[in-house]
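Chains A and B are the protein sequences, given in the same order. Take the first sequence: its letter number 144 is residue 144 in my numbering, and every next letter is one higher. In short: position in the second sequence from 1, add 261, done, that's my numbering.
Read the hints as simulated data drawn from the structure, not as lab findings. None of these values were measured; they are calculated from a predicted model. Among the hints, erroneous ones may be present.
Output of the computed footprint for chain A on chain B, the stretches with three or more beta carbons under 8 Å from beta carbons of chain A [claimed, not checked]:
{"no.": "1", "segment": "300-311"}
{"no.": "2", "segment": "455-463"}
{"no.": "3", "segment": "598-610"}
Calculated pairs, DSSO-like style, for lysine-lysine (alpha carbon to alpha carbon, straight line, at most 27 Å) [stated by the list, open to error]:
{"no.": "4", "chain 1": "B", "residue 1": "563", "chain 2": "A", "residue 2": "130"}
{"no.": "5", "chain 1": "A", "residue 1": "44", "chain 2": "A", "residue 2": "74"}
{"no.": "6", "chain 1": "A", "residue 1": "44", "chain 2": "A", "residue 2": "247"}
{"no.": "7", "chain 1": "A", "residue 1": "151", "chain 2": "B", "residue 2": "521"}
{"no.": "8", "chain 1": "A", "residue 1": "130", "chain 2": "A", "residue 2": "141"}
{"no.": "9", "chain 1": "A", "residue 1": "126", "chain 2": "B", "residue 2": "536"}
{"no.": "10", "chain 1": "A", "residue 1": "192", "chain 2": "A", "residue 2": "151"}
{"no.": "11", "chain 1": "B", "residue 1": "521", "chain 2": "A", "residue 2": "126"}
{"no.": "12", "chain 1": "B", "residue 1": "548", "chain 2": "A", "residue 2": "151"}
{"no.": "13", "chain 1": "A", "residue 1": "74", "chain 2": "B", "residue 2": "563"}
{"no.": "14", "chain 1": "B", "residue 1": "536", "chain 2": "A", "residue 2": "129"}
{"no.": "15", "chain 1": "B", "residue 1": "521", "chain 2": "B", "residue 2": "454"}
{"no.": "16", "chain 1": "B", "residue 1": "563", "chain 2": "B", "residue 2": "548"}
{"no.": "17", "chain 1": "A", "residue 1": "244", "chain 2": "A", "residue 2": "192"}
{"no.": "18", "chain 1": "B", "residue 1": "563", "chain 2": "A", "residue 2": "129"}
{"no.": "19", "chain 1": "A", "residue 1": "192", "chain 2": "A", "residue 2": "141"}
{"no.": "20", "chain 1": "A", "residue 1": "151", "chain 2": "B", "residue 2": "454"}
By construction, the Cβ of each residue, glycine as well, lies at the ideal position given by its N, Cα and C atoms.
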Amino acid sequence: MAAVAFHKKDSTPAPSATPMVTLEGVNKWYGQFHVLRDVNLTVKRGERFVICGPSGSGKSTMIRCINRLEEHQKGRITVDGTPLTEDVRNIEAVRREVGMVFQQFNLFPHLTVLQNCTLAPIWVRKMPKKEAEEMAMTYLKRVRIPEQANKFPGQLSGGQQQRVAIARALCMRPKVMLFDEPTSALDPEMVKEVLDVMVELAREGMTMMCVTHEMGFARQVADSVIFMDRGEIVEQAPPAEFFKNPKSERTRAFLGQVLAH
Amino acid sequence: MQQVDHLTTTPEAPPRGSSGAFVWVRKNLFGSIFSSILTLVICGLIIWFVPSLVEWALIKAVWPGAGADACRAASGEGACWAVIGDKWRLIIFGRYPFDEHWRPTLAMLVLMGTVLVSCDRRFWSARLIVVWILGMLVFLWLMGGGFGLTSVPTGLWGGLPLTMMLAFFGMVVAFPLAILLALGRRSSLPLIKVVSVVYIELIRGVPLISLLFMGSFLLPLFMPAGTTIDAVLRAQIAIILFQAAYLAETIRGGLQALPKGQSEAADALALGYWKTQLLIVLPQALKISIPPIVGSLISLFKDTSLVAIVSLSDLLLSMRQAMGDPVWRPFFVEAFLFIMLIYWAFCFSMSKYSQYLERTLETGHRRR
Ligand SMILES: Nc1ncnc2c1ncn2[C@@H]1O[C@H](COP(=O)(O)OP(=O)(O)OP(=O)(O)O)[C@@H](O)[C@H]1O
Ligand SMILES: [Mg+2]
């Protein structure tokens with residue numbers, strides 16, 4: 001493995017006891033539609049969670065509540081001790097510590113790869129430009145695309161773009177990384193290059209919550225696998241147990257579908 | 262997964278007979294009975310009209326330098342371009358003091374230079390704001406005087422410099438207002454949203470003329486007694502307020518065209534509202550809306566002629582005033598054609614520029 005760690009501060013792979021993210025009785029509605037029903041969840045520092053479930057079950061909604069891209073209406077969400085409330089200062093404090101990778105990459109097309117990575121460190125963390133660029137280059141090396149630094153996102157392949165998106169999030173030195181189906185929009189031959197980067201990140205002790213249907217990834221790195229259906233957490237278990245003997249009928253049906261091909 | 266086949270055929274040349282002048286003419290001019298008739302009618306009109314136009318405008322024309330008598334002799338047969346030779350300074354500069362005409366000339370050059378700099382994509386940055394503030398100040402100084410120049414009251418400003426000022430200042434000052442209005446209209450704060458919507462819809466619902474009237478006749482009634490606002494300033498403010506409402510809608514179109522993921526990604530990076538707008542949303546949204554923005558500048562340039570209604574001598578009115586001279590009065594049409602040419606030259610170059618931008622921005626967008 002290369003010398004530079006993804007995450008210098010918390011590079012202890014073993015999960016420690018302090019909770020990083022907690023959801024307590026979280027409920028959310030879209031109009032009359034009850035999209036999150038009483039979700040309870042605790043992610044400890046350094047833990048890696050994989051969230052799966054059928055389409056429309058509320059996985060994206062839940063993960064997007066953690067950095068307030070969606071607002072929950074009932075319950076408590078706390079990130080590294082900071083409660084998510086109406087208070088904009090709390091919201092921004094949480095967002096500074098939470099990195100997010102989207103299904104559609106969402107890179108900024110008018111900025112180069114390097115500018116994409118340095119934007120938030122410079123404008124949010126007030127880091128000097130030169131220092132930010134050096135840091136961005138280390139992360140671009142870690143995701144194995146330093147040579148693309150001066151290109152625009154539109155000139156890269158999907159897999160490369162998603163790796164830039166990961167590097168961009170890491171440049172804020174987040175304490176938690178959220179992934180919302182990071183490989184679903186990719187051509188099959190590019191999935192692996194992104195998963196490899198994620199596996200490496202997990203090995204270095206990053207706290208991660210990934211919505212994904214890549215069950216191989218779940219087996220390999222997850223501490224805990226969560227199955228969601230109709231806005232509820234139906235089942236939560238370590239991967240070995242989750243895949244070997246799922247307790248709920250719904251989980252079994254879902255796994256049957258996902259693992260069938 | 263999709264099967265990808267390798268190309269097994271060699272590229273072929275297009276079939277013969279699909280190009281060439283004859284084929285083009287047959288296909289495009291005589292493709293159907295209707296288009297054949299249309300082609301013949303248009304050709305007939307051209308053959309009938311163009312020679313007499315050339316004869317009037319060029320062959321039998323009276324050129325600058327000749328007097329009004331020569332024009333009268335050629336009346337009805339040749340154009341009298343001599344009128345422009347005699348009156349052009351009055352038309353272009355209006356009642357501005359004759360000996361000081363170098364000042365509006367220089368002022369127009371400064372303004373044109375600023376406009377040209379703004380046309381170059383390499384200069385699209387925050388520095389352009391400074392360039393415009395300087396450009397506008399120098400323009401006003403040259404026109405109005407002070408700091409070593411004799412002062413010329415705005416009542417004497419007129420002609421092309423006034424038209425250019427009303428249009429370009431109107432556009433440039435309206436721009437930041439329009440951005441705020443467009444953002445306000447999409448704001449999640451109800452009060453700001455309501456204020457923006459009401460403003461935009463109110464202004465867009467009335468003609469520019471009525472705003473100019475309001476500025477000239479109603480505004481002074483609301484002012485404390487004794488204070489007056491300069492007539493040119495009032496018209497300029499009315500134009501800015503008018504243009505801001507229209508531009509706001511244009512910019513909102515650009516904002517709406519932007520995928521939601523862009524502001525979400527910025528939010529996730531904790532950029533906050535203003536940094537998100539300034540660094541992520543606006544640069545992309547404005548790029549999309551530049552062609553329609555230039556389009557609205559073209560309309561504005563022509564609409565400035567409405568200020569004649571509040572007695573400002575813009576290019577159109579100063580031409581009519583110049584033609585008040587009984588000696589030259591019969592040659593109104595030629596003077597009209599002259600200022601039409603000026604309007605056309607401005608609007609046509611803007612339109613060409615807009616087309617150029619559309620081409621380069623399109624590829625620029627895909628590549629970036
Ligand atoms: N803005 C919205 N307004 C109304 N309903 C919404 C909105 N966003 C999502 N929903 C609904 O909420 C439900 C949960 O959506 P969500 O995107 O969280 O599902 P998901 O589990 O991520 O599904 P997928 O696997 O398709 O991404 C869906 O039924 C969806 O239609
Ligand atoms: Mg989803």
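Checked hints:
Only residues whose beta carbon comes within less than 8 Å of a beta carbon in chain A count, and the segment 300-311 of chain B has 0; fewer than three means the coverage is violated. Only when three residues or more bring their CB closer than 8 Å to a CB of chain A does the claim for the segment 455-463 of chain B stand; here the count is 0, and the claim is violated. Interface restraint, the segment 598-610 of chain B with chain A: violated (0 residues with C-beta to C-beta distance below 8 Å; minimum three). Restraint check for residue 563 (chain B) and residue 130 (chain A): not satisfied, since their Cα atoms lie roughly 49 Å apart, outside the 27 Å limit.
With a C-alpha separation of about 22 Å, the suggested pair residue 44 (chain A) and residue 74 (chain A) falls inside the 27 Å cut-off, and the hint holds. Of the pairs offered as hints, the one joining residue 44 (chain A) and residue 247 (chain A) holds, with about 24 Å between alpha carbons and a cut-off of 27 Å not exceeded. For the hint linking residue 151 (chain A) to residue 521 (chain B), the alpha-carbon distance of about 23 Å falls within 27 Å, and the restraint holds. Proposed proximity of residue 130 (chain A) and residue 141 (chain A) is supported: the alpha carbons are some 17 Å apart, at most 27 Å.
Distance restraint check for residue 126 (chain A) and residue 536 (chain B): the Cα-Cα separation of roughly 13 Å lies within the 27 Å cut-off, and the hinted pair is therefore satisfied. Proximity of residue 192 (chain A) to residue 151 (chain A) is assessed by CA-CA distance (about 22 Å); at most 27 Å being required, the pair is judged to hold. For the given pair, residue 521 (chain B) sits about 26 Å from residue 126 (chain A) by alpha-carbon distance, which is consistent with the 27 Å threshold. Straight-line distance between C-alpha atoms of residue 548 (chain B) and residue 151 (chain A) comes to about 19 Å, which keeps the hinted pair within the 27 Å bound.
As the CA atoms of residue 74 (chain A) and residue 563 (chain B) are separated by approximately 57 Å, the hinted pair breaks the 27 Å bound. This hinted pair checks out: residue 536 (chain B) and residue 129 (chain A) have alpha carbons roughly 17 Å apart, not beyond 27 Å. Only pairs whose Cα atoms come within 27 Å are accepted, and residue 521 (chain B) paired with residue 454 (chain B) is accepted, the gap being roughly 19 Å. Distance restraint check for residue 563 (chain B) and residue 548 (chain B): the Cα-Cα separation of roughly 24 Å lies within the 27 Å cut-off, and the hinted pair is therefore satisfied.
Restraint check: the Cα-Cα separation between residue 244 (chain A) and residue 192 (chain A) comes to about 24 Å, which is no more than 27 Å; the hinted pair holds. Taken as a hint, the residue 563 (chain B) and residue 129 (chain A) pair is broken in the structure, with Cα atoms around 46 Å apart against an allowance of 27 Å. The suggested pairing of residue 192 (chain A) with residue 141 (chain A) holds, with an alpha-carbon distance near 17 Å, which does not exceed 27 Å. Between residue 151 (chain A) and residue 454 (chain B) the alpha-carbon distance is near 38 Å, which puts this suggested pair outside the 27 Å criterion.
The earlier numbered hints that this structure contradicts are 1, 2, 3, 4, 13, 18 and 20.
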